[in-house]
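In this note's numbering, the protein residues as written are 180 to 530.
Treat the hints as calculated values from the structure; they're not laboratory data.
Every value quoted in this text rests on a predicted model; they were computed, and no experiment measured them.
Glycine included, C-beta positions come from ideal geometry on N, C-alpha and C.
Just to be clear, a hint being listed does not mean it is correct.
Cross-link-like lysine-lysine pairs, in silico, DSBU-like; alpha carbons within 35 Å at most [said to hold, decoys possible]: (1) K254 to K274; (2) K254 to K190; (3) K276 to K190; (4) K216 to K276; (5) K224 to K276; (6) K216 to K254; (7) K208 to K274; (8) K254 to K224; (9) K274 to K190; (10) K208 to K254; (11) K216 to K284; (12) K284 to K190; (13) K190 to K224; (14) K254 to K284; (15) K208 to K276; (16) K274 to K224; (17) K284 to K274; (18) K274 to K464; (19) K464 to K276; (20) K216 to K274; (21) K254 to K276; (22) K208 to K284; (23) K224 to K284; (24) K190 to K208; (25) K216 to K190; (26) K224 to K208.
The following label-pair restraints were derived from C-beta to C-beta distances [said to hold, decoys possible]: (27) A430 to K254: 51 to 57 Å; (28) S318 to S378: 27 to 33 Å; (29) P383 to V225: 46 to 52 Å; (30) Q469 to T407: 24 to 30 Å; (31) K284 to Y193: 51 to 57 Å; (32) A430 to R299: 24 to 30 Å; (33) F286 to L319: 18 to 24 Å.
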Amino acid sequence: MVLEDEFVRHKDLYYADGSVVLLAAHAGKTHAFRVHKSVLASHSKVFADMFVLPSTAENETYDGIDSVQMPDDAKDLEDLLRALYYPGNPLAATKYKGILLLSQKYFVRVLQKLLRARFRADWPSTLPEWDRLMEHYASLSASIIPQHDAASQFIDNRMLEPASAIRLAREANIPEILPAAFYMLSTISPFMDFDTLRSPNPPPLTDSQGNVLLWQPGERSARWGLLTPDDWLCLARGRHCMTDFAQTFEAQESQCMCDSQNCIQLDNKRKLLKGPPQDFLRVLKEIGSQKTLQQYPCYNSLQALASRSLETRSVLWENLGYYFGLPEVVDDQNDGDSDDIALVESEFIDG
180 MVLEDEFVRH
190 KDLYYADGSV
200 VLLAAHAGKT
210 HAFRVHKSVL
220 ASHSKVFADM
230 FVLPSTAENE
240 TYDGIDSVQM
250 PDDAKDLEDL
260 LRALYYPGNP
270 LAATKYKGIL
280 LLSQKYFVRV
290 LQKLLRARFR
300 ADWPSTLPEW
310 DRLMEHYASL
320 SASIIPQHDA
330 ASQFIDNRML
340 EPASAIRLAR
350 EANIPEILPA
360 AFYMLSTISP
370 FMDFDTLRSP
380 NPPPLTDSQG
390 NVLLWQPGER
400 SARWGLLTPD
410 DWLCLARGRH
420 CMTDFAQTFE
430 AQESQCMCDS
440 QNCIQLDNKR
450 KLLKGPPQDF
460 LRVLKEIGSQ
470 KTLQQYPCYN
480 SLQALASRSL
490 ETRSVLWENL
500 GYYFGLPEVV
510 DDQNDGDSDD
520 IALVESEFID
530 G
């Protein structure tokens, strides 16, 4: 028998009529979840098989019923149990990894399908979807008020974090989101670390020459420490390929009637090479959207450049996977996954 004083009972996931207590550790403490074998077994064959095993006198008990010592982190287990007991509740993006990996481990197939569908839906798979997401982020950045407390100025608390998404996509085999995630990461300075900036006393930020870098409210950051050597190689390859892409764009012949070194068209072409980290998709969109008066000598050249910028932008998006050296995504129609979130949620909630 386990001594009850040794554990922390969960305030919500401890049901008086529960038939089993799951014990899991987190931060030096063991947490107790009193739940129902029937609920877990209905979603997971692993749990069903676990509970079919005959009870013996040597089995541990807690609070008068069977207890099972789980090898998982208590926080991840809590998230999994919440998802099973409250399937209609939305899941925060930060919860994906623990729940998804546990749902795979315990073969909670419908929950796994739901999480994968939600995760894929978070990340743009087309250029119009990317543009809508960036417009939303631009509105968030514009809403920052300098006199707010420091925490509220970390605008990327409300944005997708690419490094953690890459880590989850690699571990859970969801390669569809990798091109957009790597591209987003390529636009963020590697000196702006998500966790370092949020520490109580962040150390001074300096670049490779020792110059002090000042973080500005609204500036993006990333969890750079989550990247593996292979991830860094993909990122470096992608940045190199996109720089070559930008140089080719600038070098393409497009003579302007003004024949001036201060030509607006020439200045626009050079915007792509104004220093990393550069958001090439954003710059190409700006060039493609720029308007000028018809009487300007540069008018015809600017019109041609705008058209070429938008075409080039589509080519860039379609080739992100190639530039970053990512595996080709094959849509397996027989993998059981569905992109219809509403359909999968209905399947999960209905049991």
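Taking the hints in turn, this is what the structure says about them:
Taking the CA atoms of K254 and K274, the gap is near 10 Å; set against the 35 Å cutoff, the hint holds. The hinted pair formed by K254 and K190 meets the criterion: a straight-line CA distance of about 13 Å does not exceed 35 Å. For the hint linking K276 to K190, the alpha-carbon distance of about 23 Å falls within 35 Å, and the restraint holds. Between K216 and K276, the direct Cα distance comes to roughly 24 Å. Compliance with the 35 Å bound is thereby established for this hinted pair.
A hinted pair counts as satisfied when its Cα atoms are at most 35 Å apart, and K224 with K276 qualifies at roughly 21 Å. In summary, the hint linking K216 to K254 is supported, as the alpha carbons are separated by about 20 Å, within the 35 Å threshold. Of the supplied pair hints, the one linking K208 and K274 holds, its CA atoms being roughly 20 Å apart against a limit of 35 Å. Among the hinted pairs, K254 with K224 is consistent with the structure: their alpha-carbon atoms are about 22 Å apart, no more than 35 Å.
A hinted pair counts as satisfied when its Cα atoms are at most 35 Å apart, and K274 with K190 qualifies at roughly 19 Å. Annotation: proposed proximity of K208 to K254 holds, straight-line Cα distance about 11 Å (limit 35 Å). Between K216 and K284 the alpha-carbon distance is near 17 Å, which keeps this suggested pair within the 35 Å criterion. Our distance criterion of 35 Å between C-alpha atoms is met by K284 and K190, whose separation comes to about 25 Å.
At most 35 Å may separate the alpha-carbon atoms for a hinted pair to count; K190 and K224 meet this at roughly 27 Å. For the hint linking K254 to K284, the alpha-carbon distance of about 16 Å falls within 35 Å, and the restraint holds. Straight-line distance between C-alpha atoms of K208 and K276 comes to about 22 Å, which keeps the hinted pair within the 35 Å bound. The hinted pair formed by K274 and K224 meets the criterion: a straight-line CA distance of about 23 Å does not exceed 35 Å.
For the given pair, K284 sits about 16 Å from K274 by alpha-carbon distance, which is consistent with the 35 Å threshold. For the hint pairing K274 with K464, the CA-to-CA distance comes to about 34 Å; that is within 35 Å, so the pair holds. At most 35 Å may separate the alpha-carbon atoms for a hinted pair to count; K464 and K276 meet this at roughly 34 Å. Note on K216 and K274: the hinted pairing holds, with a Cα-Cα distance of about 24 Å set against a maximum of 35 Å.
Restraint check for K254 and K276: satisfied, since their Cα atoms lie roughly 11 Å apart, inside the 35 Å limit. Annotation: proposed proximity of K208 to K284 holds, straight-line Cα distance about 23 Å (limit 35 Å). About 11 Å separates the Cα atoms of K224 and K284, which keeps this hinted pair within 35 Å; it holds. Restraint check for K190 and K208: the C-alpha separation of about 15 Å stays at or below 35 Å, so the hint holds.
Under the criterion of a C-alpha separation no larger than 35 Å, the hint pairing K216 with K190 is consistent with the structure, at around 19 Å. Annotation: proposed proximity of K224 to K208 holds, straight-line Cα distance about 28 Å (limit 35 Å). Range check, A430 to K254: about 53 Å between beta-carbon atoms, so the 51 to 57 Å window is met. Judged by the Cβ atoms, the range 27 to 33 Å given for S318 and S378 holds: they are separated by roughly 28 Å.
Range check, P383 to V225: Cβ separation about 49 Å, and the 46 to 52 Å hint holds. One distance hint, 24 to 30 Å for the beta-carbon pair Q469 and T407, is violated here, with the actual separation near 40 Å. In this structure, K284 and Y193 break the distance hint of 51 to 57 Å, their C-beta atoms being roughly 23 Å apart. Remark: the range hint 24 to 30 Å for A430 to R299 is contradicted by a beta-carbon distance near 37 Å.
About 38 Å separates the C-beta atoms of F286 and L319, a value inconsistent with the hinted range of 18 to 24 Å.
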